[in-house]
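Colleague: What follows is the residue order along each chain.
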Amino acid sequence: MLTKSHIFRQLHARHDRQRGALLVEMLVAFGLISLTLVVVAGTFLSTGQSSRVTQRQIELTDSIAFVLADVTREARVGENFGDGAGAELTLTRIAGINNQAADVVRYFIGTGSSANRLMKEVNGVDDLPITPPNTQVNSFEVDVDDTGLLVRLYIEAEHVDAELGETPVRVQTSVAAGRTGI
Amino acid sequence: MFSPRHASATQGFTLIEVLVVLGMLGILAGMLAINARGVRETRNLDIAVDEVVSTLRQVQAWGDTGRSVPAEVVANGDVSDAERYDRGYGVHFDQDATSILVYFGFGADRDTSRVAKHNRYDPDNLVETVQLPRGVTVSDISIDGVAGPNELHVLVRRGRVRADEETVFLGSHSNGTSHNYRSAAEITLASGSLTRTVYVNKYGLIYAD
Numbered sequence: 158m159l160t161k162s163h164i165f166r167q168l169h170a171r172h173d174r175q176r177g178a179l180l181v182e183m184l185v186a187f188g189l190i191s192l193t194l195v196v197v198a199g200t201f202l203s204t205g206q207s208s209r210v211t212q213r214q215i216e217l218t219d220s221i222a223f224v225l226a227d228v229t230r231e232a233r234v235g236e237n238f239g240d241g242a243g244a245e246l247t248l249t250r251i252a253g254i255n256n257q258a259a260d261v262v263r264y265f266i267g268t269g270s271s272a273n274r275l276m277k278e279v280n281g282v283d284d285l286p287i288t289p290p291n292t293q294v295n296s297f298e299v300d301v302d303d304t305g306l307l308v309r310l311y312i313e314a315e316h317v318d319a320e321l322g323e324t325p326v327r328v329q330t331s332v333a334a335g336r337t338g339i
Numbered sequence: 277m278f279s280p281r282h283a284s285a286t287q288g289f290t291l292i293e294v295l296v297v298l299g300m301l302g303i304l305a306g307m308l309a310i311n312a313r314g315v316r317e318t319r320n321l322d323i324a325v326d327e328v329v330s331t332l333r334q335v336q337a338w339g340d341t342g343r344s345v346p347a348e349v350v351a352n353g354d355v356s357d358a359e360r361y362d363r364g365y366g367v368h369f370d371q372d373a374t375s376i377l378v379y380f381g382f383g384a385d386r387d388t389s390r391v392a393k394h395n396r397y398d399p400d401n402l403v404e405t406v407q408l409p410r411g412v413t414v415s416d417i418s419i420d421g422v423a424g425p426n427e428l429h430v431l432v433r434r435g436r437v438r439a440d441e442e443t444v445f446l447g448s449h450s451n452g453t454s455h456n457y458r459s460a461a462e463i464t465l466a467s468g469s470l471t472r473t474v475y476v477n478k479y480g481l482i483y484a485d
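Keeping their order, the protein sequence lines are chains Z and E.
For our numbering, count along the first sequence from 1 and bump the result up by 157.
For our numbering, count along the second sequence from 1 and bump the result up by 276.
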């Protein structure tokens, strides 16, 4: 029953000898709990951290894999490779079911709002990115040998959210023309 | 812990104590429920974005590799046996829809009189309906950076459609204007107040923000 005297009894009970012990107990308990929380939260934070790093690496690798697949496919059905001033790749498509003969394809690093993104254009128009905005392409170097049939590519890219010390992806590869030794 | 020294050991909690505890529990439960709704919306949106991206990649693979039109279409006589590989696969997006549609279609250079039907989604050409998670809708569509179309057809076709294109983007506004053969499209998905956007362009780049 909730009577006046009952409440007063409860209030008086707060002055019990037990209260002091209770305060210490509570402080100890709070201390222990917060200590545990810090340890547990720390574990989760570092797990989240490493999974974000892994996620960034996956995104970066996917972007580069897409670029390499596209460049390789075009090169296999292309000829007349050119490297501009070393920072772009141009080629002419050979006729095929997927190709209009004599289409000129060009890969280069974009400028302005497309800065640090690898671009592709066909016949000098329709330049569009082939890397997502989360991938920052730092370097795209092209070297075509004297025969015009072999291309050496060097691409260096990092994730835009990369933290200090996170390694960028560096890929160096050679692509040979589909039509050789003419 | 509130038991007074002179009270009996079996005394229970007072009404106030019980009410206070219930109140606190109620507040906690309320906070949790609000939080859980946000978490669910976020998760459903992420799942939807993954579904859209993987559906686009699926039709890209089918379109690029020359997958045949479904056998029953050939059996119906709608497509001759020789033509069954001469087509593409596409995804159709409708504004405010809760699902996206996979269809097969033909390139513009095949038969101009049938362009409209064969580049675009048509119920006859439906392959598969991909249901988006609960509460997720296609909220906005933009083509070549211009928002406004209320539908979008992304067709990936083996062989060229126009001299430099692998992917066809077709869209329509509710006022009747059409976009044909554009370069890139963005599809925005909404879940509650959250949105995410999927980008696709004709060179095959697909990503979500």
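Derived from the structure by calculation, the hints contain no laboratory data.
Please read these numbers as outputs of a predicted model, since none were measured by experiment.
We put the CB at the ideal spot given by N, CA and C, even for glycine.
Among these hints, one or two may not hold up.
[As the list claims (entries may be wrong)] With beta-carbon atoms standing in for the labels, derived distance ranges: (1) A347(E) x T200(Z): 39 to 45 Å; (2) G411(E) x N295(Z): 38 to 44 Å; (3) T211(Z) x P346(E): 49 to 55 Å; (4) R319(E) x V317(Z): 23 to 29 Å; (5) S415(E) x V317(Z): 33 to 39 Å; (6) V317(Z) x A309(E): 51 to 57 Å; (7) E404(E) x T229(Z): 28 to 34 Å.
[Said to hold, decoys possible] Chain E is nowhere near these chain Z residues, computed Cβ spacing over 12 Å in every case: (8) L202; (9) Q206; (10) V210; (11) S220; (12) A226; (13) A242; (14) G243; (15) T247; (16) V262; (17) T268; (18) T304; (19) L306; (20) R309; (21) G322; (22) P325.
[To be verified] In silico negatives: residues of chain E with every beta carbon more than 10 Å from chain Z: (23) G299; (24) M300; (25) L304; (26) E317; (27) E348; (28) Q371; (29) D398; (30) S418; (31) S459; (32) A460; (33) T464; (34) S469; (35) T471.
Colleague: Next step is simple, just say for each hint if it's right about the structure.
Modeller: Structure-based check of each hint:
1. Between A347(E) and T200(Z), the C-beta spacing of about 54 Å breaks the proposed range 39 to 45 Å.
2. For G411(E) and N295(Z), the hinted distance range of 38 to 44 Å is satisfied, since their beta carbons lie about 40 Å from each other.
3. Against the hinted window of 49 to 55 Å, the Cβ-Cβ separation of T211(Z) and P346(E) comes to about 39 Å, which falls outside the hint.
4. In this structure the supplied range 23 to 29 Å holds for R319(E) paired with V317(Z), their Cβ-Cβ distance being about 25 Å.
5. A C-beta distance of roughly 26 Å is found between S415(E) and V317(Z), which places it outside the suggested range of 33 to 39 Å.
6. At about 36 Å, the CB distance of V317(Z) to A309(E) disagrees with the hint of 51 to 57 Å.
7. A C-beta distance of roughly 30 Å is found between E404(E) and T229(Z), which places it inside the suggested range of 28 to 34 Å.
8. No Cβ of chain E comes within 12 Å of the Cβ of L202(Z); the nearest lies about 18 Å off, and the non-interface call holds.
9. Distance check for Q206(Z) against chain E: the nearest CB is about 20 Å away, which clears 12 Å, and the non-interface claim stands.
10. The beta carbon of V210(Z) sits about 19 Å from the closest Cβ of chain E, which is more than 12 Å, so the claim that it is off the interface holds.
11. Consistency note on S220(Z): stated as away from chain E, yet its beta-carbon is not over 12 Å from all of that chain's, at 8 Å minimum.
12. Against the 12 Å criterion, A226(Z) falls within the reach of chain E, whose nearest CB is about 9 Å from its own CB.
13. The Cβ of A242(Z) sits about 23 Å from the closest Cβ of chain E, beyond the 12 Å cut-off, so the non-interface label holds.
14. Consistency note on G243(Z): stated as away from chain E, and its beta-carbon is indeed over 12 Å from all of that chain's, at 23 Å minimum.
15. With a closest Cβ-Cβ approach of about 14 Å to chain E, T247(Z) is found to remain outside the 12 Å limit, as its non-interface label requires.
16. Consistency note on V262(Z): stated as away from chain E, yet its beta-carbon is not over 12 Å from all of that chain's, at 9 Å minimum.
17. For T268(Z), the requirement that its beta carbon stay farther than 12 Å from each beta carbon of chain E is met, with the minimum near 17 Å.
18. Interface exclusion of T304(Z) from chain E stands, the closest Cβ pair being 27 Å apart, more than 12 Å.
19. Distance to chain E confirms L306(Z) as a non-interface residue, since its nearest Cβ pair spans about 24 Å, more than 12 Å.
20. Its beta-carbon lying about 22 Å from the closest one in chain E, R309(Z) satisfies the requirement of being farther than 12 Å from that chain.
21. No Cβ of chain E comes within 12 Å of the Cβ of G322(Z); the nearest lies about 26 Å off, and the non-interface call holds.
22. Distance check on P325(Z): its Cβ is at least 19 Å (rounded) from any Cβ of chain E, clearing the 12 Å threshold; non-interface status holds.
23. No beta-carbon of chain Z is positioned within 10 Å of the beta-carbon of G299(E); the least distance is around 16 Å.
24. For M300(E), the shortest C-beta to C-beta distance to chain Z comes to about 17 Å, beyond the 10 Å cut-off, and the non-interface label holds.
25. At roughly 16 Å, the least C-beta separation between L304(E) and chain Z is larger than 10 Å, which holds for a residue marked as non-interface.
26. Distance to chain Z confirms E317(E) as a non-interface residue, since its nearest Cβ pair spans about 20 Å, more than 10 Å.
27. Once the 10 Å rule is applied to beta carbons, E348(E) is consistent with being away from chain Z; the minimum gap is 25 Å.
28. The claim that Q371(E) lies off the interface holds: its Cβ sits roughly 24 Å from the closest Cβ of chain Z, which is beyond the 10 Å cut-off.
29. For D398(E), the shortest C-beta to C-beta distance to chain Z comes to about 25 Å, beyond the 10 Å cut-off, and the non-interface label holds.
30. Non-interface status of S418(E) relative to chain Z is upheld: no Cβ of that chain comes within 10 Å, the nearest being about 15 Å off.
31. Its beta-carbon lying about 6 Å from the closest one in chain Z, S459(E) breaks the requirement of being farther than 10 Å from that chain.
32. Not every CB of chain Z lies more than 10 Å from the CB of A460(E), the least distance being 6 Å, so the non-interface label is violated.
33. For T464(E), the non-interface assignment is confirmed: its Cβ lies about 16 Å from the closest Cβ of chain Z, beyond the 10 Å cut-off.
34. Every CB of chain Z lies more than 10 Å from the CB of S469(E), the least distance being 23 Å, so the non-interface label holds.
35. With a minimum CB-CB distance of about 17 Å to chain Z, T471(E) clears the 10 Å threshold, and the non-interface call stands.
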